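S.K.: Sequence:
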Amino acid sequence: MNITSIKNFGDLKRTGYKTRHIKDELRDNLIKFLKEKKNPFEGIIGYDETVIPDIQTAILSRHNII
Numbered sequence: 014m015n016i017t018s019i020k021n022f023g024d025l026k027r028t029g030y031k032t033r034h035i036k037d038e039l040r041d042n043l044i045k046f047l048k049e050k051k052n053p054f055e056g057i058i059g060y061d062e063t064v065i066p067d068i069q070t071a072i073l074s075r076h077n078i079i
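Anchor point for the sequence shown: position 18 equals 31 in the working numbering, and the numbering is continuous, going up by one each time.
Derived from the structure by calculation, the hints contain no laboratory data.
There could be a bad hint or two in this list.
[Unchecked claim] Derived CB-CB ranges, DEER-like:
hint	residue 1	residue 2	range
1	N52	I78	10 to 20 Å
2	K31	S74	21 to 31 Å
3	R40	D61	17 to 27 Å
4	R27	I65	38 to 48 Å
5	F22	L43	27 to 37 Å
6	T17	E38	17 to 27 Å
[As the list claims (entries may be wrong)] Pairs of lysine to aspartate or glutamate residues, derived as EDC-like cross-links and limited to a Cα-Cα distance of at most 20 Å, are as follows:
hint	residue 1	residue 2
7	K48	E38
8	K45	D61
9	K51	D61
10	K48	D37
11	K50	D61
12	K50	E38
13	K50	E62
Small disclaimer: the values here were computed from a predicted structure and weren't measured.
Glycine included, each C-beta is placed from N, C-alpha and C at the ideal position.
Work out the full structure, taking the sequences as your base and the hints as a guide.
M.R.: In structure tokens form, the structure reads like this:
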């Protein structure tokens, strides 16, 4: 079954699709950026030594962020 033929939740379940928690997806994406030595927060200026390290730690720890 290709992605364009999925019309409802039952179709999606039959494909074997596995859901992921948003915290896990954020964490995996951040780890990928850090391994590739890319800036995951490109365009955010002035917080490199204050806010961004705390946000990275929170994401890696799967903390709730407000």
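S.K.: Which hints from the list above does the structure break, by number from lowest to highest?
M.R.: Hint check: nothing fails, all pass.
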